[in-house]
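Participant: All chains should be modelled from the sequences, with the hints used to inform the complete structure.
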Amino acid sequence: MKMIRFDKNLLDKYVKYSSISVEKHPTEELYLYGYHSGLEKSNVIWDDNNIHCRGLIINGEGEVLARPFPKFFTYRRYIDDETLLLSEGQNFKIPETGFKIFEKVDGTMTTLYWVDDKPFLATQRSFENVNAKEATKILYEKYSHTFSKLKRDRTYVFEAIFPETNVLIDYGTSRDLYMIGVLDNETGDNLPLEDLGFPVAKDYTEMYKDVKNFEALQNLNLPNQEGFVLVFESGERIKLKFPWYKEAHKIMAEIIQKEKQLYLMNRQLSQKLGLKNSYITNLLIWDHLRKGLTVENIHENTPETFFAVGVEQWIINTKIDLQNEFNNAKNSNPNLSQDELWQMVKPEKLTFFNYDKKLSETEYSTNMWKRINRLKKVYR
Numbered sequence: 001m002k003m004i005r006f007d008k009n010l011l012d013k014y015v016k017y018s019s020i021s022v023e024k025h026p027t028e029e030l031y032l033y034g035y036h037s038g039l040e041k042s043n044v045i046w047d048d049n050n051i052h053c054r055g056l057i058i059n060g061e062g063e064v065l066a067r068p069f070p071k072f073f074t075y076r077r078y079i080d081d082e083t084l085l086l087s088e089g090q091n092f093k094i095p096e097t098g099f100k101i102f103e104k105v106d107g108t109m110t111t112l113y114w115v116d117d118k119p120f121l122a123t124q125r126s127f128e129n130v131n132a133k134e135a136t137k138i139l140y141e142k143y144s145h146t147f148s149k150l151k152r153d154r155t156y157v158f159e160a161i162f163p164e165t166n167v168l169i170d171y172g173t174s175r176d177l178y179m180i181g182v183l184d185n186e187t188g189d190n191l192p193l194e195d196l197g198f199p200v201a202k203d204y205t206e207m208y209k210d211v212k213n214f215e216a217l218q219n220l221n222l223p224n225q226e227g228f229v230l231v232f233e234s235g236e237r238i239k240l241k242f243p244w245y246k247e248a249h250k251i252m253a254e255i256i257q258k259e260k261q262l263y264l265m266n267r268q269l270s271q272k273l274g275l276k277n278s279y280i281t282n283l284l285i286w287d288h289l290r291k292g293l294t295v296e297n298i299h300e301n302t303p304e305t306f307f308a309v310g311v312e313q314w315i316i317n318t319k320i321d322l323q324n325e326f327n328n329a330k331n332s333n334p335n336l337s338q339d340e341l342w343q344m345v346k347p348e349k350l351t352f353f354n355y356d357k358k359l360s361e362t363e364y365s366t367n368m369w370k371r372i373n374r375l376k377k378v379y380r
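In this note's numbering, the protein residues as written are 1 to 380.
Please note that a few of the clues may not be correct.
[Stated by the list, open to error] With a straight-line cut-off of 20 Å between C-alpha atoms, the simulated PhoX-like cross-links for lysine-lysine are:
| # | residue 1 | residue 2 |
| --- | --- | --- |
| 1 | Lys357 | Lys16 |
| 2 | Lys71 | Lys8 |
| 3 | Lys71 | Lys13 |
| 4 | Lys346 | Lys330 |
| 5 | Lys24 | Lys142 |
| 6 | Lys137 | Lys149 |
| 7 | Lys241 | Lys209 |
| 8 | Lys330 | Lys319 |
| 9 | Lys93 | Lys239 |
| 10 | Lys202 | Lys149 |
| 11 | Lys358 | Lys24 |
| 12 | Lys246 | Lys93 |
| 13 | Lys100 | Lys13 |
| 14 | Lys241 | Lys212 |
| 15 | Lys346 | Lys133 |
| 16 | Lys133 | Lys118 |
| 17 | Lys13 | Lys24 |
| 18 | Lys8 | Lys100 |
| 19 | Lys241 | Lys93 |
[As the list claims (entries may be wrong)] For each label pair, taking beta carbons as the anchor points, the in silico distance ranges come out as:
| # | residue 1 | residue 2 | range |
| --- | --- | --- | --- |
| 20 | Leu275 | Leu336 | 48 to 54 Å |
| 21 | Asn301 | His145 | 41 to 47 Å |
| 22 | Arg152 | Asp7 | 19 to 25 Å |
| 23 | Lys100 | Asp287 | 53 to 59 Å |
Hint data in this document are derived by calculation from the structure and do not stem from the laboratory. Just so it is clear, CB atoms sit at the ideal spot from N, CA and C, and this is done for glycine as well.
Facilitator: Printed below as a string of structure tokens:
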């Protein structure tokens with residue numbers, strides 16, 4: 001379905017009644033539509049409109065500012081020689097045209113958009129989560145020389161890779177943006193990748209040109225790779241995920257779910273025993289800074305499930321705010337001691353990391369920031 005304007009009222013109905021999500025830009029009249037399987041709403045019934053809600057950015061009038069790939073699905077098995085069963089029960093008629101085979105980069109999908117002639121990157125659901133900010137930082141640090149070459153009538157799609165989000169695939173110290181797609185904003189058509197200096201996903205088409213069976217491609221089971229993305233000449237895409245990756249991902253998901261359940265059970269037990277719950281507060285962070293302790297000390301006693309909903313970024317932001325207040329107080333009162341200055345900026349209003357609230361916020365649902373570091377520490 002080709003369109004340049006979406007019915008915002010219709011998209012908002014998807015948000016209300018299904019697991020489509022929306023986030024408004026903090027300063028601009030921009031809206032980002034994604035999907036979130038963790039929301040306690042009805043599953044999405046995909047159609048010609050909501051299938052575009054995978055990082056779609058529009059303005060208040062519904063005009064498209066960025067439109068990454070429509071939702072595409074993962075290979076499960078053959079139904080017959082001409083039809084595949086994909087994830088979410090989707091049937092896929094195999095195009096008669098050929099296809100290219102690309103590495104499926106296991107990063108964070110980000111979409112480039114513009115505000116006041118400046119480019120930014122958003123994730124599939126958020127303008128401002130930690131992954132979006134880090135990806136935008138890389139964009140400016142490594143690729144500012146490309147800005148004049150980027151075309152406003154196109155959507156540039158990247159996989160952002162940084163060590164803090166390496167979990168199942170080891171990319172080492174790589175901190176980069178892999179260009180994985182360029183789309184026409186008006187039609188949504190796939191365009192050739194432009195040579196702007198960004199790395200691109202590895203093309204395996206020539207290497208595996210004789211492997212036409214999707215089951216055989218999947219069973220190549222290449223180590224340290226998630227799988228392949230197959231791009232047909234028609235522009236349609238499907239994902240193939242290697243067996244080892246699917247098994248590892250399932251185990252990881254089970255660990256995360258059990259950590260969440262364990263925390264909630266501990267909290268329930270504390271309530272039964274009349275014990276007070278401990279909270280991570282701005283006052284706790286202030287006390288650590290006052291004593292010259294690092295926030296890493298706070299991490300040691302933080303429930304693991306908190307990290308999946310953004311506690312680390314909350315601690316960092318609170319620390320930065322308190323440190324800025326301290327520096328301002330120091331500049332205004334150079335004769336006061338360190339302790340006197342910290343007492344000046346002691347929080348008057350207590351705030352805390354609200355785990356229950358964060359559970360319902362879409363931007364943090366897949367935030368695995370530094371997960372591998374904690375995994376090694378706890379389970380190895």
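Participant: Each hint should be assessed against the structure and marked as holding or not.
Facilitator: These are the hints, each one checked on the structure:
1. Lys357 - Lys16: 18 Å, holds
2. Lys71 - Lys8: 18 Å, holds
3. Lys71 - Lys13: 18 Å, holds
4. Lys346 - Lys330: Given pair Lys346, Lys330 holds - Cα atoms ~14 Å apart, limit 20 Å.
5. Lys24 - Lys142: 28 Å, violated
6. Lys137 - Lys149: Holds, at about 19 Å.
7. Lys241 - Lys209: 18 Å, holds
8. Lys330 - Lys319: 16 Å, holds
9. Lys93 - Lys239: 14 Å, holds
10. Lys202 - Lys149: 23 Å, violated
11. Lys358 - Lys24: 17 Å, holds
12. Lys246 - Lys93: With a Cα-Cα distance of about 24 Å, the restraint between Lys246 and Lys93 is violated, given a limit of 20 Å.
13. Lys100 - Lys13: Not OK: Lys100 and Lys13 at ~36 Å, beyond 20 Å, violated.
14. Lys241 - Lys212: Roughly 16 Å between the alpha carbons, so the hint for Lys241 and Lys212 holds.
15. Lys346 - Lys133: 29 Å, violated
16. Lys133 - Lys118: This hinted pair holds, its Cα atoms lying about 14 Å apart.
17. Lys13 - Lys24: Holds, because 15 Å separates the two Cα atoms, which is no more than 20 Å.
18. Lys8 - Lys100: Between Lys8 and Lys100 the Cα gap is close to 35 Å, so the pair fails against 20 Å, i.e. violated.
19. Lys241 - Lys93: 19 Å, holds
20. Leu275 - Leu336: 48 to 54 Å: Check failed, 39 Å falls outside 48 to 54 Å.
21. Asn301 - His145: 41 to 47 Å: Given range 41 to 47 Å: holds, Cβ gap about 45 Å.
22. Arg152 - Asp7: 19 to 25 Å: Check passed, 23 Å falls within 19 to 25 Å.
23. Lys100 - Asp287: 53 to 59 Å: 56 Å, holds
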